[in-house]
Amino acid sequence: MRHIISLLMENEAGALSRVAGLFSARGYNIESLTVAPTEDSSLSRMTLVTRGSDNVIEQIKKQLNKLIDIVKLADISEGVHIERELMMVKVQAANAEQREELKRMADIFNGTVLDVTDKTYVIELTGSGDKLDAFLQTIDQSSILETVRSGATGIARGGKSLRV
Amino acid sequence: MKLGGGDILVQFLQDEGVEFVFGYPGGAALHIYDAIFRQEKVKHILARHEQGAVHAADGFARSTGKPGVALVTSGPGATNAVTGIATAYMDSIPLVVVTAQVASPLIGSDAFQEVDSVGITRPCVKHNFLVKDVKDLASTLRKAFYIATTGRPGPVVVDIPKDITDPAVKIPYSYPEDFSMRSYQPTVKGHPGQISKAVELILSAKRPMVYSGGGVVLSNAATEFTAFCRRLGFPVTNTLMGLGGFPATDPQFVGMLGMHGTYEANMAMHDCDVLLAIGARFDDRVTGDLKKFCPHAKIIHVDIDPASISKNVRIDVPIVGDIKQVVSDLTRELDAANKENDATALKKWWNQIGQWRGRDCLQYDRGSELIKPQYVVEKLYEVTGGDAFVTSDVGQHQMFTAQFYKFDKPRRWINSGGLGTMGFGLPAAIGVQLAHRDATVACVTGEASIQMCIQELSTARQLDLPLKIICLNNRYMGMVRQWQEFFYESRYSHSYLDALPDFVKLAESYGHVGVRIEKPEDVEGALKEAFAMKDSLVFMDFVTDQTENVYPMIAAGKGHHEMQERELA
Ligand SMILES: Cc1cc2nc3c(=O)[nH]c(=O)nc-3n(C[C@H](O)[C@H](O)[C@H](O)COP(=O)(O)OP(=O)(O)OC[C@H]3O[C@@H](n4cnc5c(N)ncnc54)[C@H](O)[C@@H]3O)c2cc1C
Ligand SMILES: Cc1ncc(C[n+]2csc(CCOP(=O)(O)OP(=O)(O)O)c2C)c(N)n1
Ligand SMILES: [Mg+2]
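Residue numbers (my numbering), protein chains in the order written: chain Y, 212 to 375; chain U, 32 to 600.
Think of the hints as simulated: they come from the structure by calculation, not from any bench.
Any given hint could turn out to be false.
[Said to hold, decoys possible] BS3-like cross-link-like pairs, simulated, lysine-lysine; straight-line CA separation at most 27 Å: (1) Y:K273 x U:K322; (2) Y:K273 x U:K220; (3) Y:K272 x U:K342; (4) Y:K277 x U:K163; (5) U:K220 x Y:K283; (6) U:K329 x Y:K273; (7) Y:K277 x U:K72; (8) U:K163 x Y:K272; (9) U:K342 x Y:K277; (10) Y:K277 x U:K355; (11) Y:K277 x U:K228; (12) U:K228 x Y:K330; (13) U:K72 x Y:K273; (14) U:K342 x Y:K283; (15) U:K163 x Y:K283; (16) Y:K273 x U:K228; (17) Y:K273 x U:K355; (18) U:K97 x U:K72; (19) Y:K272 x U:K220; (20) U:K329 x Y:K272.
Assemble the whole structure, with the sequences as input and the hints as a guide.
In structure tokens:
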């Protein structure tokens, strides 16, 4: 099963490598990992997407909790939650027909064209990973020059929050 | 008080009550060594190799329960220490290892003797720190000791760049009494609901079994645990790390379990209906094939580390907490329940265990013309009155010692179980003897293992430590040879040791006493004579049977009930 694990950790050098090292040392899957500071400058928040059997996921959570730098952990995929990923795609948009089609697709997917040249567009999209995949599958494959994705981040719906 | 970083470190160690620092100097550590020179309270023990220094700190920690402290220089000092750190990590031993580092401005420049010590040690420490500001030094050290010694203990590395220990940069120092760590709060008290569930299950058992490990020793809970087991009247088995946590001479003790455990312990594991696992981590050397593990049992597991629970084996009643606390809560709850186990069932179970015991699974050929390693350990037990501290290395000699030396007290059996580090025994014995100056300390080793840290004979000479080294010299890496005999059709690939040193002369050249013993009838006399020499280190080189194997044995893929046993003619 796919799980989204949110972590609050001490904003220390090396905290990230402890998490990454744990996953490689114990052979756990890591699908994506994002990390950034929070409004509390002593803490960073990490979102980790991983896959595994119930037993493996239980061990992953216990092992993460065991790291001294991890302050709090939540498996947000256990409850109702919102998942978002940011993607930017650079596509070939050299003629009117291509430009028109790409703009239309971007609109359908609630995307924004961030950059325009005479030959290219950069389109920005946010959504679940599935939605971003769907967009990439829908547009003309040969027009894709470059994609960059942030990896998933997420937050629980409702009153539940991850804070110290 | 205003001090430079080197003096802060040493003053902190004094304030923390540290008596010994085991170490080896070098460039990046020189400010610290100078601070050590200028005081007398903290005694520095100079090893002959950083691995030896860390093992000695480890032996000190295992035999006392206090944290061991080691100090090494940057680069090769730190990399040499890694084996020692990993050894302590695998067995959950509290250590604080200070690694000196190149000066902060040089970090990352491939400076002379620079390695990323924090990066290299990360996977084999409980936690590690790089000190970036001398203002953080004292509080970091305080945290390091706290983390190393609480919860599930383990080694903590503190990497200190040379500029941080500069005597010219003085700052105010006081011992940091108060500190907080929001992200580290080990659970000590077991959940009351789980305690009740456990007691209910315990009382329902018809074929109960207690499987306890190193946690009982680490928690200093042997007394409470022993009383608890006696009260229940259940059979008790120990892991290799748990030996001494329950008295081996107690009739309830059925011996060690696992790969080289006794027939009765392993059979009782296989047939039990309730398993009470206390401070043991279901290691693969213990469980055998997981699919065949305790097929009839409901399992209770007490452990301070939540990650130990249900890691390898699914647990029915987990209790996270410190054993000392949990056992006392379990005892109280048992008293309150005012109920006993089904006495007839328990009697029947003990009868069954008695039959298994009757097979005498540890028997060996006592009529042999050659010295049997088991015989040496039996005599060692007698000659030392069962009351020595015994360290060991890794191999057959380690297993024979675990099987034949009956440890009645915790912290007497000092060995590397999790990492299985050859070379551990001698330096560990040095740490043990320093902590217990008047005690008898024996190191049971093999001719291969002893050569991995043989240089520490020099340390023992310098300190006048009267260790007794019992080398079971079979001219083979016996444990490797045994596997090759069983599983590789006796193709003894590189397990034979050619060109062995003359250990008697070697011992003598280090200034110790050396003796070689070649006949069974000389074993007892030699041991008595050696142990009577209270002021000398005696290296006893016992020339033993080359072909002896450790039995019983559970081979890979087998269950507890599928042991290979010795066949005597
Ligand atoms: C050649 C060789 C052969 C071996 N053969 C065997 C064998 O036949 N049988 C055998 O048993 N072992 C054998 N071993 C050792 C084996 O590899 C493991 O090291 C050992 O089984 C682990 O012991 P343990 O389960 O007691 O765990 P330990 O490593 O001692 O771990 C202790 C456990 O207790 C917990 N704990 C710590 N402190 C506390 C506390 N205060 N309160 C509660 N819980 C606590 C920890 O979290 C941990 O889970 C062998 C090793 C070698 C080198
Ligand atoms: C550092 C290290 N290297 C290799 C091994 C693998 N190993 C385990 S036992 C053993 C042989 C030990 O031989 P010896 O010390 O003579 O003991 P014996 O088994 O003969 O009693 C070896 C090589 C190890 N445990 N540790
Ligand atoms: Mg040998």
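To see whether the hints hold, each was checked on the structure:
no.	hint	in the structure
1	Y:K273 x U:K322	holds (23 Å)
2	Y:K273 x U:K220	holds (18 Å)
3	Y:K272 x U:K342	holds (12 Å)
4	Y:K277 x U:K163	holds (24 Å)
5	U:K220 x Y:K283	holds (20 Å)
6	U:K329 x Y:K273	holds (23 Å)
7	Y:K277 x U:K72	violated (35 Å)
8	U:K163 x Y:K272	violated (30 Å)
9	U:K342 x Y:K277	holds (14 Å)
10	Y:K277 x U:K355	holds (21 Å)
11	Y:K277 x U:K228	holds (26 Å)
12	U:K228 x Y:K330	violated (71 Å)
13	U:K72 x Y:K273	violated (41 Å)
14	U:K342 x Y:K283	holds (21 Å)
15	U:K163 x Y:K283	holds (25 Å)
16	Y:K273 x U:K228	holds (23 Å)
17	Y:K273 x U:K355	holds (23 Å)
18	U:K97 x U:K72	holds (17 Å)
19	Y:K272 x U:K220	holds (21 Å)
20	U:K329 x Y:K272	holds (25 Å)
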